[in-house]
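Please construct the entire structure, taking both the sequences and the accompanying hints into account.
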Amino acid sequence: MTILLLLIPVALGLGFLGLIAFLWSVRTGQFEDLDGAATRILFDDGKPLPPGQKSQA
Amino acid sequence: MSLALQDIAADPRPAPGTCRHCGQPVPKSGEEFCCPGCAGAYALIHELGLDAYYARRDAQGDQPVTAEGPVLDLANLVETAADGTCSLRLRVDGLTCGACVWLIESALKAQGPVTDARVNLTTRRLTLRWKGGADLAEGLAATVRKLGYRLAAFDTGAADDPQKAQEKELMRCMAIAGFSAMNIMLLSVSVWSGHAGSMGEATRTLMHWLSALIALPTVAYCARPFFRSALAALKAGRTNMDVPISLGVTLASSISLWETFEHGEHAYFDGAVMLLFFLLIGRFLDSRARGRARSAAEHLLALGRTPVTVLKPDGTATLLAPSAVANGSTVLVAVGERVGIDGTVSDGVSEVDTSVVTGETQPQPVEPGARVFAGMVNLSAPLRLTVTASGEGTLLAEIVRLMEAAEQGRARFVALADRVAKNYTPVVHTLALATFLAWTFLMGLAWQESLFIAVAVLIITCPCALALAVPAVQVVASGRLLRGGILLKSATALERLAKVDTIVFDKTGTLTLGRPDLLPDLERRGEDLESAARLARASKHPLSRALARAAGPGPVAEGVREIPGMGLELDGPAGPIRLGRRSFVGLEEGPQAVGEGPELWYARPGRVPVRFAFADRARADAAEVVGKLRAAGYRVELLSGDRPGTVAALAAGLGIAEWRAGVDPAGKCARLAELRASGAKVLMVGDGLNDAAALAAADVSVSPSSAVDIAQTAADAVFQGDRLAPVAELLSVSRKAERLVIQNLGFSLLYNLCAVPIAMAGHATPLVAAVAMSSSSLVVLGNALRLSRRAKEARS
Numbered sequence: 001m002t003i004l005l006l007l008i009p010v011a012l013g014l015g016f017l018g019l020i021a022f023l024w025s026v027r028t029g030q031f032e033d034l035d036g037a038a039t040r041i042l043f044d045d046g047k048p049l050p051p052g053q054k055s056q057a
Numbered sequence: 001m002s003l004a005l006q007d008i009a010a011d012p013r014p015a016p017g018t019c020r021h022c023g024q025p026v027p028k029s030g031e032e033f034c035c036p037g038c039a040g041a042y043a044l045i046h047e048l049g050l051d052a053y054y055a056r057r058d059a060q061g062d063q064p065v066t067a068e069g070p071v072l073d074l075a076n077l078v079e080t081a082a083d084g085t086c087s088l089r090l091r092v093d094g095l096t097c098g099a100c101v102w103l104i105e106s107a108l109k110a111q112g113p114v115t116d117a118r119v120n121l122t123t124r125r126l127t128l129r130w131k132g133g134a135d136l137a138e139g140l141a142a143t144v145r146k147l148g149y150r151l152a153a154f155d156t157g158a159a160d161d162p163q164k165a166q167e168k169e170l171m172r173c174m175a176i177a178g179f180s181a182m183n184i185m186l187l188s189v190s191v192w193s194g195h196a197g198s199m200g201e202a203t204r205t206l207m208h209w210l211s212a213l214i215a216l217p218t219v220a221y222c223a224r225p226f227f228r229s230a231l232a233a234l235k236a237g238r239t240n241m242d243v244p245i246s247l248g249v250t251l252a253s254s255i256s257l258w259e260t261f262e263h264g265e266h267a268y269f270d271g272a273v274m275l276l277f278f279l280l281i282g283r284f285l286d287s288r289a290r291g292r293a294r295s296a297a298e299h300l301l302a303l304g305r306t307p308v309t310v311l312k313p314d315g316t317a318t319l320l321a322p323s324a325v326a327n328g329s330t331v332l333v334a335v336g337e338r339v340g341i342d343g344t345v346s347d348g349v350s351e352v353d354t355s356v357v358t359g360e361t362q363p364q365p366v367e368p369g370a371r372v373f374a375g376m377v378n379l380s381a382p383l384r385l386t387v388t389a390s391g392e393g394t395l396l397a398e399i400v401r402l403m404e405a406a407e408q409g410r411a412r413f414v415a416l417a418d419r420v421a422k423n424y425t426p427v428v429h430t431l432a433l434a435t436f437l438a439w440t441f442l443m444g445l446a447w448q449e450s451l452f453i454a455v456a457v458l459i460i461t462c463p464c465a466l467a468l469a470v471p472a473v474q475v476v477a478s479g480r481l482l483r484g485g486i487l488l489k490s491a492t493a494l495e496r497l498a499k500v501d502t503i504v505f506d507k508t509g510t511l512t513l514g515r516p517d518l519l520p521d522l523e524r525r526g527e528d529l530e531s532a533a534r535l536a537r538a539s540k541h542p543l544s545r546a547l548a549r550a551a552g553p554g555p556v557a558e559g560v561r562e563i564p565g566m567g568l569e570l571d572g573p574a575g576p577i578r579l580g581r582r583s584f585v586g587l588e589e590g591p592q593a594v595g596e597g598p599e600l601w602y603a604r605p606g607r608v609p610v611r612f613a614f615a616d617r618a619r620a621d622a623a624e625v626v627g628k629l630r631a632a633g634y635r636v637e638l639l640s641g642d643r644p645g646t647v648a649a650l651a652a653g654l655g656i657a658e659w660r661a662g663v664d665p666a667g668k669c670a671r672l673a674e675l676r677a678s679g680a681k682v683l684m685v686g687d688g689l690n691d692a693a694a695l696a697a698a699d700v701s702v703s704p705s706s707a708v709d710i711a712q713t714a715a716d717a718v719f720q721g722d723r724l725a726p727v728a729e730l731l732s733v734s735r736k737a738e739r740l741v742i743q744n745l746g747f748s749l750l751y752n753l754c755a756v757p758i759a760m761a762g763h764a765t766p767l768v769a770a771v772a773m774s775s776s777s778l779v780v781l782g783n784a785l786r787l788s789r790r791a792k793e794a795r796s
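So the sequences go chain by chain: A and B.
Under the UniProt record's numbering, the first sequence has 53 at position 53, and the numbering climbs by one with no breaks.
Under the UniProt record's numbering, the second sequence has 428 at position 428, and the numbering climbs by one with no breaks.
Treat the hints with care, as some may be off.
As the list claims (entries may be wrong) - Distance windows between CB atoms, simulated:
1) A:Gly29 - B:Asp93: 18 to 24 Å
2) A:Leu5 - B:Cys754: 38 to 44 Å
3) A:Leu5 - B:Leu234: 18 to 24 Å
4) B:Ser775 - A:Phe16: 26 to 32 Å
5) A:Pro9 - B:Glu169: 26 to 32 Å
6) A:Pro9 - B:Leu482: 41 to 47 Å
7) A:Gly29 - B:Ala236: 34 to 40 Å
8) B:His195 - A:Leu5: 20 to 26 Å
9) B:Lys681 - A:Pro9: 55 to 61 Å
10) B:Ala446 - A:Gly29: 53 to 59 Å
11) A:Phe16 - B:Thr127: 55 to 61 Å
12) A:Ile20 - B:Gly552: 55 to 61 Å
13) A:Pro9 - B:Ala236: 43 to 49 Å
Stated by the list, open to error - Derived coverage of chain B by chain A (criterion: at least 3 residues anywhere in the stretch with Cβ under 8 Å from a Cβ of chain A; other residues may be distant):
14) 323-337
15) 369-380
16) 445-457
17) 721-731
Honestly, the hints are just simulated from the structure, not real lab data.
Positions of the beta carbon are idealized from the N, C-alpha and C atoms, including for glycine.
Take a look at the structure:
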């Protein structure tokens, strides 16, 4: 049963990492715009075009 | 906003005969755009190299409202950081899909000074950062406006901040409770499997200690929302669902800690934390659903709040938000503009459309000294107003007074869940106490063991399913309503709506659209309408707009002069062509028949003048909806401030037998009080300033999103769009929701009836408690979800 001394901390640690990651994502506002995020991923050329440059759809 | 989904076309060119920007039919075949606004938006998009927008959008854009739009008072809203970066937050209207987000962001980033532009599609807000002066704000806003989106100011100190903070706290609590519940369950499952005999006492105690290590901080942190609410209720001498929840969780944790000390066999840490997790999910969803509805309602209000033109003492005009205008300032109101603020006319003679304020559809003449209120529309000549404080024995003051009286008279509605809790809590706590006493004194058990059984009773009866029964249904219902354009603002509105048996409608703006529409006339020739519309398109007057709307998009005559108070004039080859009031075209000002709406006359040299009659027409589906409501057993009444002829005609057309005309705000309140005194549960649907008091006096109230601020604030729910169907939908959803709530409550009580004897007999081990609690919660949630599934079936 000594394996428990290793496995339980590992299990808890991994869960804790997940929790921290979630809290971090909430804090940085990643849950603020779920609808927008769903569509943004489709636009690959997210870089703004230099002013005046003509179309390149 | 048109949400009609189109085929996602790879070819950005629309079908021939439709506008290249908005996709609506063009007036003449061969043309590319339906209006100059669309042409401007297209040119801007093309110039910025963003044509990809047309291929990307999955919904048709809106017709740009007006290319120039109202100038907002933006310079005051800009926040300047220490390093010279300016930032501005705005509300954007007209966003339909991700392509709009991309278009706005790309168009703004193409402007030199802009460092960051981010549109939030969920909350419809634009956050903009740029280097340079705050005075660039107007130009940047104009860029977005030219693309066809409407903008409104966003107050940075908005009142939704406590709401937002609460939602974030609930989300954090939920995440932590979820983490703890899963990890403790992992340990508990091992303990339960170990009961078969393979696990030694030392290992079991280790597991219990680990569980305690996770559970105790979790309970201390995550149960705070419940503790706070329970304490507040107890202080007020009441009890709510949170009292048994707090007590159950605290007792379960302490007794389990005691057991762990004693190397005992059972610990309830998993039950306590899982309970918290489930309840927090319910509470978080509830808070988010209502937060969404409220922010959508604020969004609508903010869009309607356009700045007013203030004349400074030195003669220059500036734009200010209505709330920033000081008493005694002079405000200009142009023809066709909505009065943004209460005041007295100081200069100018005009007619105003007061329908939003009094329900009266006939324009009212105003002259210096007359009072005007926010929401009225200036019809014929520019006006100067002196801003006055609301009060001083005016209509508004009377309405505020009536609203206060109505709110006092309205008994506080006690939510069903709280009424259940009120009866449930004492019963459960008595049962637990009885269990403890019976085991100690009748069965001769040691007091620790008896206490353990008593706590098991409290845990098993901890109203998990009961506390989820109502919020789960409300979340699903408000989500379904939100998709249908109905914003539910009050938490108890659904319950109150389900009890309604009488519906009182206001006329103007509620059953009707509150704007003039051209009446069909068989004798009129289509050519006359088209020719008159050429003039009408040049004007912002509501009647001209109605005429132009009826004629559809088309060319605009050049050189049209607007003569205030009279009409429009155009120099034709054979003499002046006129569109305006009766006397303007040279006819005698004759007496109007009762119940007739406004009219326009169109005169061309050498021809008989043509009459265009207008009326505020009923919403397209009003008759059908009223019929449906009556068939469903509701008593429908019409209360209007308008004159009897007009009201009678509308009531007859819609099949409403009971109507009253010429009712003032106090009269409306009195009628509602009369109905309520006779035992009826009344739903009031109204939009005007004169309805605000009645909205507050009714059992529950609804207003359209076109209503004045004060009415929307007083109403429990707001519906969007030109149709009346949302009212019927709201009532049917509320009845279905009530049925589901009762089923859920019934099930929870049944569950308790079965589980309590088991717990009292001392057989409720942690395993039994975990299985019973989670399964009952899942059943309740599943039952609530049926409400949204039915909506999907109805749509497809």
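We went through each hint and held it up to the structure:
1. A:Gly29 - B:Asp93: 18 to 24 Å: About 22 Å separates the Cβ atoms of Gly29 (chain A) and Asp93 (chain B), which means 18 to 24 Å holds.
2. A:Leu5 - B:Cys754: 38 to 44 Å: 41 Å, holds
3. A:Leu5 - B:Leu234: 18 to 24 Å: 44 Å, violated
4. B:Ser775 - A:Phe16: 26 to 32 Å: Between Ser775 (chain B) and Phe16 (chain A), where Cβ atoms are some 29 Å apart, the hint holds.
5. A:Pro9 - B:Glu169: 26 to 32 Å: Roughly 29 Å apart at Cβ, these two residues keep to the hinted range, so it holds.
6. A:Pro9 - B:Leu482: 41 to 47 Å: 45 Å, holds
7. A:Gly29 - B:Ala236: 34 to 40 Å: For Gly29 (chain A) and Ala236 (chain B) the Cβ distance comes to about 36 Å; the hint holds.
8. B:His195 - A:Leu5: 20 to 26 Å: 22 Å, holds
9. B:Lys681 - A:Pro9: 55 to 61 Å: Between Lys681 (chain B) and Pro9 (chain A), where Cβ atoms are some 60 Å apart, the hint holds.
10. B:Ala446 - A:Gly29: 53 to 59 Å: Holds - the Cβ-Cβ distance for Ala446 (chain B) and Gly29 (chain A), about 55 Å, lies within 53 to 59 Å.
11. A:Phe16 - B:Thr127: 55 to 61 Å: Since the Cβ atoms of Phe16 (chain A) and Thr127 (chain B) sit about 33 Å apart, the hinted range of 55 to 61 Å is violated.
12. A:Ile20 - B:Gly552: 55 to 61 Å: 60 Å, holds
13. A:Pro9 - B:Ala236: 43 to 49 Å: 46 Å, holds
14. 323-337: Three-residue rule not met by the segment 323-337 of chain B, so violated; n is 0.
15. 369-380: Not satisfied, violated; 0 residues make the cut.
16. 445-457: violated (count 0)
17. 721-731: With 0 residues closer than 8 Å to chain A, the segment 721-731 of chain B misses the three-residue bar; violated.
Checked against the numbered hints given earlier, this structure breaks hints 3, 11, 14, 15, 16 and 17; the rest are met.
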